[in-house]
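With the hints as constraints, model all of the structure from the sequences given.
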Amino acid sequence: MITLTPLRQFRFPVMAECINPDVFQGKSVDEIAQLTVWEGNKQKKLCELFKIEQSLAEAPSIVINGNVEEVRRIGSGMKSGEIVINGNAGMHLGEKMAGGKITVNGDAEGWAGSDMKNGLLEIMGNAGPYLASPYRGSSTGMRGGKIIVHGNVGTDAAVFLKGGTIKILGDAGPFMGFRMCDGTIHIEKNCGTRVGACMTGGKIVVSGVLEEVLPTFTIDSVKAKVKIEEGDSATGPFYVFLGDLAENGNGKLYVSKANNPHLSTYEKYL
Amino acid sequence: MSTTVNAVTCPVCGCLCDDIELTIENGVIAKVKNGCAMCESKFLSYKNEHRNKTPLVRKEGKLVPVSYDEAIHKAAEILANANYPILYGWSSTDCEAQRVGVELAEEVGGVLDNTAVVCHGPSILSVQEVGIPTCTLGQIRHRADLVIYWGCDPWSAHPRHLERYTTFTEGRFEGSEWKEYMNKVKASAGKKKLLSLERREIVKRKPEPIIEKVTVNKPPETLSKAGRKLIVIDVRKTMTAEVADYFIQVQPGKDYELMLAIRALVKDHELDVDQVAGVPVEYLEELVDAMVNCEFGVIFFGMGLTQSAGKFRNVDVAISLIRDLNRRTKFAILPMRGHFNVTGANTVSTWQSGYPYSVDFSLGYPRYNPGETSVVDVLLRKESDAALIVASDPASNFPRKAVEHLVANPLIVIDPHMNATALLGDVVFPAAIVGIEKAGTAYRMDHVPLPLKKVVEPPEGILSDEEILSRILEEVRVIKSQKMQEAA
Ligand code: SF4
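Heads up: the protein sequence lines correspond to chains W and A, in order.
Under my numbering, think of the first position of the first sequence as 3, with each following residue one higher.
Under my numbering, think of the first position of the second sequence as 612, with each following residue one higher.
Incorrect hints may have been included.
[Claimed, not checked] Going by beta-carbon spacing under 10 Å, a handful of chain W positions derived as facing chain A: (1) M17; (2) D158; (3) G245.
[To be verified] With a straight-line cut-off of 27 Å between C-alpha atoms, the simulated DSSO-like cross-links for lysine-lysine are: (4) K47(W) - K1091(A); (5) K878(A) - K164(W); (6) K797(A) - K829(A); (7) K191(W) - K865(A); (8) K98(W) - K119(W); (9) K46(W) - K993(A); (10) K44(W) - K1094(A); (11) K993(A) - K53(W); (12) K47(W) - K1094(A); (13) K29(W) - K98(W); (14) K848(A) - K865(A); (15) K795(A) - K836(A); (16) K270(W) - K878(A); (17) K670(A) - K1094(A); (18) K865(A) - K259(W).
Think of the hints as simulated: they come from the structure by calculation, not from any bench.
Because the structure is a prediction, the values reported are computed rather than measured.
Glycine residues also receive a C-beta, built at the ideal position from the N, C-alpha and C atoms.
This is the structure we're talking about:
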């Protein structure tokens, strides 16, 4: 196990895709210390920014103690191993992750789990905007794996979602699941507006309050229960909406009936 | 001695009207013909007394006049030593200066951003996601029979847009609606007189005030007439809305829902709701009929879409709507760009770095991720440690917290005028006014490049943005090579 402790509070953005169990694997502490990172427009060695210590414990592979919200791309492209961050994490945490596990005992900034293919990303605090969403201009969203956020999530999460599961125990911002075509999202509390806009497939479950459903969704039925993943389901009853009609979509939006009495006007179409 | 210069391009708004006629008397612009009020004011006020005429450097808290050489050295030192500088502005200068700006940003490893980030940046983001079916203003002028202005008010912000490019222009295949408009104005003038009489009476009697109720009217019969039609969709009745054939007042922040519903209707779907964003669905159906039945339609959109709730998703849905409409008729979409060369700033940045704005060169190669690499966000996260502002005034329009961080670090300003940012700067360069005292190139809102003319000489000794930037770049290279030699 490698423990990294930031030597100071970083002022400039730090690009550190080398903080990755696959990269650290088989390297001595001295070799790890020589890995390159960028701080602002200056190239640095990892040891100039972090105190690096090794211990005999096997798991987790990497522990970061301290707030590293300016450190971006931690665990980028990782395929195995485990990273634990005891503090807040910077942008692009676990981008293109294909396996392994990342746990953040704090908040994560934007684009966490962007372009994720597999593995588990668990954020104990809040997640910033664009959780599991692709880069500008890209239409490749998260394709597999699982993300759990214990707090709230910012705007535009799960855009272009193509697979995998996202569980949000708190509230979600607007445009959740924009243009998603597969995969499952479960929001346990309240959800922002325009959820599921332009979705063509997949499943969004809102157990809390949803102020309004987009006009391009039509009501289909009322269901008592909905499956989230193997061994996990949400109990309703739920209104089931289909959409988005603007995209001739066939996505399913489940909205809690008990928490959304204002949606009862749709019942006349059932 | 008086001379006339023809076909001058107006360096004010994104319309870039290139039919301005200037009369020059004794080396000074004396008369402006063809331009709107904004154009006239720019061409006649360039010689203002309060223009800054020497470079300034802040010493012991005060801006003091220095030579260009000293100011350039100081600016180069700041940029060469910075760890994460920002280079912002660019929309009110020419492409030639912007090109040097990109080179400088790369040399100092900074973040290059232009004013699009606070106006039409969102449009660009959605264009990158869904593409853009567009055309030039010339095509619209000659062929468009349905013009929709959504979330913009050209009558006030681009005064000659209607007259030169859309409804009021005489195209080869479509006539001008100017006469109809005059009739309408006369009729509404009568109505207004009556209303004001009534109000005066009311003031005397002091009864309840008249509260104007917001209701969306039924689409008029004229929406299916032949010839040009003008529709305005906005949150309030703007000047452009007054002259339109049909005005739809959308509930604030609900443009997205409205547009999405229109998309579903274009695809012949039935909606489970009676009204969307305050507009009855039956009216929307008529609107969709007008859209589908036109021969060539165009939507112009402004910051009412790009900077209201939904931002770039609003533009995304607008472009998707155009895509849907193109399956049934011909439609195009254009953003109403504000500054005269903001389109140029995006174009130059794209051809040099691959990205239109918010380009981060700190890793030695261009990276682009608005939200992460956009200047306002960089400032709000307090990451930058120096700034170069060219032809822009962020101090008066950025969020307060961003401005606080901007001025807490070394600040270099290049601008013809002493604007708010320049007053707070550490190194301030006066510059020649592009399009009046310096020739160059600018891009119109439809991406057509037009030449800007030099019609008068700049004040003595004043350099252009391009020259100042080139000299800073040269000096940065000297400082960097000195540093490398010292290190070796
Ligand atoms: S519309 Fe714009 S470009 Fe045309 S004259 Fe007026 S300010 Fe100049």
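Query raised in the report: Would the pair K795(A) and K836(A) pass a check requiring their Cα atoms to be no farther apart than 27 Å?
Result: holds (16 Å)
Report task. Could you grab the alpha-carbon distance between K47(W) and K1091(A) and see if it respects the 27 Å cut-off? Result -> holds (21 Å)
Requested in this report: Could you grab the alpha-carbon distance between K46(W) and K993(A) and see if it respects the 27 Å cut-off?
Outcome: OK: K46(W) and K993(A) at ~21 Å, within 27 Å.
Query raised in the report: Against chain A, is D158(W) within 10 Å by beta-carbon distance?
Result: holds (8 Å)
Query raised in the report: Is it true that the CA of K848(A) sits at most 27 Å from the CA of K865(A)?
Result: holds (16 Å)
Query raised in the report: Can the restraint linking K670(A) and K1094(A) be considered satisfied, given a maximum Cα separation of 27 Å?
Result: holds (25 Å)
Query raised in the report: Keeping to a limit of 27 Å between CA atoms, is the pair of K993(A) and K53(W) held or broken?
Result: Measuring from Cα to Cα gives roughly 25 Å; hence the hint holds.
Query raised in the report: Is K797(A) within 27 Å of K829(A), Cα to Cα?
Result: holds (22 Å)
Requested in this report: Below or equal to 27 Å on CA atoms is what counts here, so check K44(W) against K1094(A).
Outcome: holds (14 Å)
Requested in this report: Against chain A, run the beta carbon of M17(W) and see if the smallest gap drops under 10 Å.
Outcome: The hint holds - M17(W) has a Cβ within 10 Å of chain A, the shortest such distance being about 6 Å.
Query raised in the report: Does the structure keep K865(A) and K259(W) at a Cα separation of 27 Å or less?
Result: The hint holds at about 24 Å.
Query raised in the report: Are K98(W) and K119(W) close enough, with their CA atoms no more than 27 Å apart?
Result: holds (6 Å)
Of the numbered hints given earlier, the model fails none.
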